[in-house]
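A.B. asks: Protein sequences, first through last, are from chains A and B.
Per this note's numbering, the first sequence runs over residues 1 to 300.
Per this note's numbering, the second sequence runs over residues 1 to 369.
Source of the hints: derived by calculation from the structure; they are not laboratory data.
All C-beta atoms in this analysis are idealised placements derived from N, C-alpha and C, irrespective of residue type, glycine included.
Mixed in with the good hints there might be a few duds.
[What the hints assert, rightly or not] Distance ranges between label pairs, derived from CB positions: (1) R33(B) x A118(A): 38 to 46 Å; (2) A176(B) x L215(A): 50 to 58 Å; (3) E125(B) x A118(A): 38 to 46 Å; (4) E233(B) x A118(A): 53 to 61 Å; (5) G197(B) x N109(A): 24 to 32 Å; (6) E233(B) x S205(A): 52 to 60 Å; (7) A113(A) x P101(B): 21 to 29 Å.
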Amino acid sequence: MAETMAHANDAAASAAASPAPRRLSAGRFPAFLIPVLVFYALFFGYPLARIFWQSVHGEDGFTLVGFEMFFEEPAYWMVLAYTGALGLVTLSITLVCGYAVAYWLVTMNRSWAVMLMAFVLIPFWSSGLVRTYAWMVILGRQGILNSVLLDLGIIDTPFAFIGTNTAVVLALAYYLMPYMILSLYSVMNGIDRNLMLAARSLGASPIRAFREVFLPLTRPGVLAGCYIVFMLGIGMYITPAMLGGPQQTTLPLMIAIQINEAMDWTFAAALSVILLMVTGGMQLMANRFLDFERLWGGAK
Amino acid sequence: MANPTDSSQPRVQGASLVLEALRKDFGQAPAVRSIDLDLKPGRFLTLLGASGSGKTTTLMMIAGFIEPTSGAIRINGRDVTTLPAHKRDIGMVFQNYALFPHLTVLDNVGFALKMRGVGRAETRERSAGFLRMVGLGDFLERYPHQLSGGQQQRVALARALVFSPSLVLMDEPLGALDRRLRLQMQEEIKRIQTDLGLTVVYVTHDQEEALTMSDDIAVMEDGRIASHSSPQETYEAPANRFTANFIGESNFLQGTVATQAGEETLVDIAGRTCRVAAEPAAGGGKVASVFVRPERLRLVTAEDRIANAMACRVVSQLYLGESIVYTVELADGQKLKIRRPNRGVGAAIRTDMPLWVGFEPQNARILLA
């Protein structure tokens, strides 16, 4: 009897406690969106359509020669594979380092966290080009790193960092780190600290509490961070162009080469479409696994 | 609800808890100055105090989340002062429930059993048993965010009890609930505590909650225990002025101790010698506060109808429905509050007539502190 009553009471409370999230009313088309839509149609929709058109149009009209070139030459596949591998390695590094930094930020004193967060964000606000040049200054033949290593007697001749995978991965990871940290930090910051205490009181060691409670709760942040870093990583142009050598040719670099040197617009467009397909496929997968609405300011 | 004594929940023997000169400093500031406490098995102790009085810090030290600066904690005679939280086997219920949002209700409750390596089937069975005990047998596969506040608190309760801890700590567990639900949960927690024979340390700032649920109330003030006694004694015969003020409403009549007279002490108040319960420590000539609860003061129209009658006049009155609170002024200007049950129109006091306020000697106490 008491049980039924308790249920009835709680059911009523439950209905009141979780109202459906309010949305802008559908129905009337909001007129203020028209300028935005026009802008997008002109500067995003049209160029995109143009690329698709270009990818199947040669000098003699319709052609699939661009795609044929790509699929018939394993060297091009290797470029795609290298691009993906570069994205994955960068992703792994930013994930491991970013997780540690974000965890450190959420566990420290608030005022310190705000200050250190600024350090995470400052490079975010400066130009990617400048930051890539900075890496050239550090890693160059007469660069800071070589000078230090020479002075310390660790190496005898300057080491050619530039033009290696190490240089590209290092600079990419550095460039993309803030995205990872921010994704993780925002999720970690929303985790109630009492949850860890509750886990401890229930018999979980600190490591077990981390693994059973904290880690699973940061999953949305991990997925989002990985997604953003990978997508941005495989699309980066400046970093591999400036810090890599011929061995570090990525798909965006190859597209640039086709346009600037080979002047093969059809092939360049076909490569763009392939890159777009890869990222588009990733996006579809991400939509399945990620709750973006919840992650970026939506209701719980 | 299912009767816990006839199902899978064993009656556990509550633990004894001893705190010895427990102290915690945060930087230079002491949060808990010195706590001595001896709690018998199966008792329900409430730490009652304003925020900042150190009650939550004390609870966190017992739980093992905060390391004491000095002092000792013993559970069942065993020194656990330096034992990590996860090895203490203490059930804990948090104010905001702290349910794991990524786990179902059943898995939340089963968490402690999983940590202890209990098998899957048994974990499920025991968790479901405790969820039935708190009336949530139909909600096993729900997630916490799909439940109301009251239901979430019940899950938190089941989760803290499922591994049969002999000591359960509760940090303002009902603070976030509305009044009706709070009263219902108070009863439920009390029933479970009695049925299972648990030792409970309960933190609240709600005096009514403390009075209705506890076997012992420890009133905390500024990092110390100001008084530790039963609810009745805490209310009827508070150990000091702080306790008297903190629980319920109080009047403090200022007077001078005249003399000791056997079972009573005589105190001069507002030109009258009043008889109050004996306080041997009160020497003649000392200034004393005489403590009387508003509902123990009586307001009458004839001087000879009560003990310790003092002439007064009504300054104001507050109509509360079931009772009326009168503020009266004595001859020397002291003001008192009198709570009088509302017995209907015929029984109302006419405030334009000469009035006397008085009290029975055993209902008044001299508080020196």
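A.B. asks: Decide, hint by hint, whether the structure agrees.
C.D. replies: So, going through the hints one by one against the coordinates:
| no. | hint | in the structure |
| --- | --- | --- |
| 1 | R33(B) x A118(A): 38 to 46 Å | holds (39 Å) |
| 2 | A176(B) x L215(A): 50 to 58 Å | violated (27 Å) |
| 3 | E125(B) x A118(A): 38 to 46 Å | violated (53 Å) |
| 4 | E233(B) x A118(A): 53 to 61 Å | holds (57 Å) |
| 5 | G197(B) x N109(A): 24 to 32 Å | violated (43 Å) |
| 6 | E233(B) x S205(A): 52 to 60 Å | violated (42 Å) |
| 7 | A113(A) x P101(B): 21 to 29 Å | holds (23 Å) |
Hint violations for this structure: numbers 2, 3, 5, 6, all remaining hints satisfied.
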